[in-house]
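**Q** Sequence:
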Amino acid sequence: MWAHMIATTMLKTIPSDQALKRLSVGKPINTMWVTGLLNLDPLTVSRWLCGEDMRGIYQPIVIRGCYLDALDLARRTFYDRVELVDCRIERARFERAYFYTSLLIEDCVFKGDFSGQQMQSEGPIVFHNTVFTGYVDFSGATLRDDVNFLDVCFYGGTNLLYEMRDHCPERLGREVILRGCRFRSADVPDGLDTVRLGITPFLQSDSGRPES
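Per the working numbering: the sequence shown = residues 3 to 214.
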């Protein structure tokens with residue numbers, strides 16, 4: 003309800019196809035309610051380099067101060083930066099997305115589950131001051147540059163720490179930084195040095211709300 007109140011009183015409504023047209027010419031989307039599914043597949047083009055099809059999306063994807071009904075980045079390759087800043091996103095798909103330049107997610111709230119299975123990156127990834135209310139799945143992610151999780155709350159749970167424990171050297175970044183992040187106690191592997199890593203576990207109350 004809160005998000006819909008924000009959208010109807012402060013944000014201009016724009017259907018997803020019009021938002022896609024703005025992104026197709028490299029324009030950012032600012033302070034809008036994007037209705038329907040924002041599927042970026044129509045932006046995908048083929049470019050041949052040395053006999054190889056470098057198929058992907060070549061425009062920067064910059065969305066700021068928006069409310070999105072649904073965002074689908076799954077199975078696309080992004081050759082320019084992707085930035086989501088100060089957004090409320092009801093549904094998001096990131097599985098098998100490939101980020102060549104950078105991914106920034108800052109001051110966002112994700113409702114529902116976040117599917118990040120088998121995400122890949124060549125450039126840096128930053129999650130900052132962001133809340134996930136559903137489950138966040140990073141199974142099989144391969145992030146080759148620096149990865150920063152700063153003041154991120156995983157209220158719905160995540161397998162991130164188990165992925166770090168089991169696969170960090172070969173799959174999760176040159177350096178993974180966790181600072182000021184909150185995880186469910188069940189999502190913190192036994193023996194993990196939470197203080198050193200900047201992790202604050204929380205418990206689930208009987209009402210289902212997190213409590214410190």
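Treat the hints with caution; some may be incorrect.
What the hints assert, rightly or not - Pair by pair, the computed Cβ-Cβ distance ranges are:
id, residue 1, residue 2, range
1, Cys-52, Arg-184, 43 to 49 angstroms
2, Arg-49, Asp-168, 22 to 28 angstroms
3, Gly-114, Leu-51, 36 to 42 angstroms
4, Arg-49, Asp-195, 17 to 23 angstroms
5, Val-27, Arg-184, 35 to 41 angstroms
6, Gly-67, Pro-191, 44 to 50 angstroms
7, Leu-51, Ala-188, 26 to 32 angstroms
8, Lys-23, Asp-195, 16 to 22 angstroms
9, Ser-26, Gly-182, 19 to 25 angstroms
Since the hints were made in silico from the structure, they are not lab data.
Yeah, the Cβ is synthetic: ideal placement off N, Cα and C, and Gly gets one too.
**Q** Each hint needs a verdict: does it hold in this structure or not?
**A** Do the hints match the structure? See the list:
no. : hint                                   : in the structure
1   : Cys-52 <-> Arg-184: 43 to 49 angstroms : holds, 46 angstroms
2   : Arg-49 <-> Asp-168: 22 to 28 angstroms : violated, 36 angstroms
3   : Gly-114 <-> Leu-51: 36 to 42 angstroms : holds, 37 angstroms
4   : Arg-49 <-> Asp-195: 17 to 23 angstroms : violated, 45 angstroms
5   : Val-27 <-> Arg-184: 35 to 41 angstroms : holds, 39 angstroms
6   : Gly-67 <-> Pro-191: 44 to 50 angstroms : violated, 36 angstroms
7   : Leu-51 <-> Ala-188: 26 to 32 angstroms : violated, 46 angstroms
8   : Lys-23 <-> Asp-195: 16 to 22 angstroms : violated, 49 angstroms
9   : Ser-26 <-> Gly-182: 19 to 25 angstroms : violated, 37 angstroms
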